[in-house]
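Asker: Build out the structure end to end from the sequences listed, making use of the hints.
Number of protein chains: 2
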Amino acid sequence: MIALDAFGGDRAPEAIIAGAVIAHRQGVPVVLVGNAEKLRGKVPHGLTVVHSPDTVEMDEPASTPLRKKPESSIRRIFELVRDGQATAAVTCGHSGAAMACALHVLGPVSGVTRPPLATVVPRKDGGQLVLLDLGANVDCKAELLVQFAVLGDAYARAVLRVERPRVGLLANGEERGKGNEQVKQAWDLLDAMALAERAHPGTSGLHFVGNVEPLEAMRGECDVLVCDGFVGNVMLKTVEGTVEVVARILKEEILRRGSDRFAAWLLSGAWRRFRQRTTYDNVGGALLLGVNGVAVVGHGRADARAVASALRFAHGCVLAGLVPQLKAQVGSRLVKP
Amino acid sequence: MIALDAFGGDRAPEAIIAGAVIAHRQGVPVVLVGNAEKLRGKVPHGLTVVHSPDTVEMDEPASTPLRKKPESSIRRIFELVRDGQATAAVTCGHSGAAMACALHVLGPVSGVTRPPLATVVPRKDGGQLVLLDLGANVDCKAELLVQFAVLGDAYARAVLRVERPRVGLLANGEERGKGNEQVKQAWDLLDAMALAERAHPGTSGLHFVGNVEPLEAMRGECDVLVCDGFVGNVMLKTVEGTVEVVARILKEEILRRGSDRFAAWLLSGAWRRFRQRTTYDNVGGALLLGVNGVAVVGHGRADARAVASALRFAHGCVLAGLVPQLKAQVGSRLVKP
Chain A
1011 MIALDAFGGD
1021 RAPEAIIAGA
1031 VIAHRQGVPV
1041 VLVGNAEKLR
1051 GKVPHGLTVV
1061 HSPDTVEMDE
1071 PASTPLRKKP
1081 ESSIRRIFEL
1091 VRDGQATAAV
1101 TCGHSGAAMA
1111 CALHVLGPVS
1121 GVTRPPLATV
1131 VPRKDGGQLV
1141 LLDLGANVDC
1151 KAELLVQFAV
1161 LGDAYARAVL
1171 RVERPRVGLL
1181 ANGEERGKGN
1191 EQVKQAWDLL
1201 DAMALAERAH
1211 PGTSGLHFVG
1221 NVEPLEAMRG
1231 ECDVLVCDGF
1241 VGNVMLKTVE
1251 GTVEVVARIL
1261 KEEILRRGSD
1271 RFAAWLLSGA
1281 WRRFRQRTTY
1291 DNVGGALLLG
1301 VNGVAVVGHG
1311 RADARAVASA
1321 LRFAHGCVLA
1331 GLVPQLKAQV
1341 GSRLVKP
Chain B
1011 MIALDAFGGD
1021 RAPEAIIAGA
1031 VIAHRQGVPV
1041 VLVGNAEKLR
1051 GKVPHGLTVV
1061 HSPDTVEMDE
1071 PASTPLRKKP
1081 ESSIRRIFEL
1091 VRDGQATAAV
1101 TCGHSGAAMA
1111 CALHVLGPVS
1121 GVTRPPLATV
1131 VPRKDGGQLV
1141 LLDLGANVDC
1151 KAELLVQFAV
1161 LGDAYARAVL
1171 RVERPRVGLL
1181 ANGEERGKGN
1191 EQVKQAWDLL
1201 DAMALAERAH
1211 PGTSGLHFVG
1221 NVEPLEAMRG
1231 ECDVLVCDGF
1241 VGNVMLKTVE
1251 GTVEVVARIL
1261 KEEILRRGSD
1271 RFAAWLLSGA
1281 WRRFRQRTTY
1291 DNVGGALLLG
1301 VNGVAVVGHG
1311 RADARAVASA
1321 LRFAHGCVLA
1331 GLVPQLKAQV
1341 GSRLVKP
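Protein chains in written order, with the numbering used here: chain A, 1011 to 1347; chain B, 1011 to 1347.
Just so you know, these hints were derived from the structure itself, not from any lab. Where hints are given, some of them may not hold.
No copy labels: a pair is met if it fits in one copy or bridges any two.
[What the hints assert, rightly or not] With a straight-line Cα cutoff of 25 angstroms, these simulated DSS-like cross-link-like pairs (lysine-lysine) come out:
1. K1188 to K1078
2. K1078 to K1048
3. K1048 to K1079
4. K1261 to K1134
5. K1151 to K1337
6. K1151 to K1188
7. K1052 to K1079
8. K1194 to K1151
Answerer: See below:
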């Protein structure tokens, strides 16, 4: 059962319920968590509801569910995971509050100090790129970037089934010595781990490929791309922005001439499939990596389809055995490089 | 006359000469700078050559033209500008060496300590976004971000003819308090300048609109977007990478079915115009903003068309009177906020 916060997100609870219905039909077990009074008459037959009276609003502090609203839905979903009544928690609500609850209620995996947010971006070569941190930790020291590398590596192995993930450090150039201060220091630490691995296989298990630029990462040069939460957030939102601008420009150019309009009509199928592959609703959200449970934070603007994607994303992590594998792999590696 | 380094770039001198020919035909006055011996027989009638025997290779240190090769073409182009024999300098060679030469030979505009690299990115609303720094200064203190804001503002006024440019600070959220340490500090400084301007118009002339996320910037929320060179480089290369991935996905989807292939054939005109608008060759390069002269650093992989774009970009800055306007506007504003 995946615990879904019915009152998180700009379009809650309608879009959240509709998303739960879609995912439920696709075989994802879902339980809606929220004020049962307010949900009455809105939840179709077959979906269960766990009552949790309070709701955290977007303009409240991230600590609200921990301090002032212990009975809020955004907190309850993580308690259900902690108590073994749910396998994963999904919310499209207040992301700061979600991260605070996940960390406080579920606790970090041993060795992890500040869990990052991770997601998966499609690469040009058809593969998938794990990108982290997406914004959970804005200012990061080198040691934290190393943690992200180990967590991203474990995710790629467990969920994406990449045998020996190539881990890169996001930088403004491929050469050693490129990057800001933190990146340069993280390079040294990760390089030492990779050297140790080459000398004594099994030591760190990390296949560090050095600095990687965004273009090269998107072309397929690595499987895991590590950066601080500020840079990762900028990168992810730049991808979203560029897709929007590109779609707009292309549409303008297609509509410029009559014959192109005819072609566009013929093309509509390809166009729809293109939007399906590039809209980031399909990824479904960001995973808080390194807590004792599967915790997915969806987009605040999520519609029903995006909510369903987030549920499928969480379900995939559960089926892959992400958390047990994280614990096994991370524990040994984060006890000193 | 724009001084063009004939031996800078992966495809030099052939692509450089071909680019000079294109720009020359379009009315941009160009002089090729490089080893006349090696250029013999390659330069068509009508283009002049200034002899400069040495070439700086990509694997040499950035200080090479200043210390070891004073007669290199990448240094000579800036000397021609300094001596009034050229109006602008363009190179697609070693960008570190180019920046070192520009700064050393031309010198910074009074008040500027570390000139940033700036470029222009198309926005969704049809406008243009000035993005800086693109990588000249990787680690930046808040005061430096303020310098970039003032320089970007002056560029938008002088070259893009924006009357009152909206200057934003690139961040991971719109609210005050978002951003990493430097961004938060720069926010305070820029806000104080904007407040002073509102109270006493003419004080700073800066219309600071606060934090802006990449998606919003690309939608048109600001005219100038300020960030450190690490983040700016990542952002620019993410745009490039995304355009590549999007083009690839769309192509795959178009070729999936026969009827779409027919549509694609009909669409080829729109496709070509789309590539022309999105390929970053069209922007032509990055401008080193805040030195006493127009200095454009083109892409190392530039082909003839990209070289021609870089020349037009530089020519546009000259025609707009960029440097005199920069001096007038920046001097007064950077003497204490």
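Asker: Please go over all the hints and tell whether each is borne out by the structure.
Answerer: Hints, one by one, checked against the model:
no., hint, verdict
1, K1188 to K1078, "between (46 angstroms within a copy, 24 angstroms between copies)"
2, K1078 to K1048, "within (21 angstroms within a copy, 76 angstroms between copies)"
3, K1048 to K1079, "within (17 angstroms within a copy, 76 angstroms between copies)"
4, K1261 to K1134, "both (22 angstroms within a copy, 12 angstroms between copies)"
5, K1151 to K1337, "within (23 angstroms within a copy, 39 angstroms between copies)"
6, K1151 to K1188, "both (16 angstroms within a copy, 18 angstroms between copies)"
7, K1052 to K1079, "within (24 angstroms within a copy, 76 angstroms between copies)"
8, K1194 to K1151, "both (11 angstroms within a copy, 18 angstroms between copies)"
Checked against the numbered hints given earlier, this structure breaks none of them.
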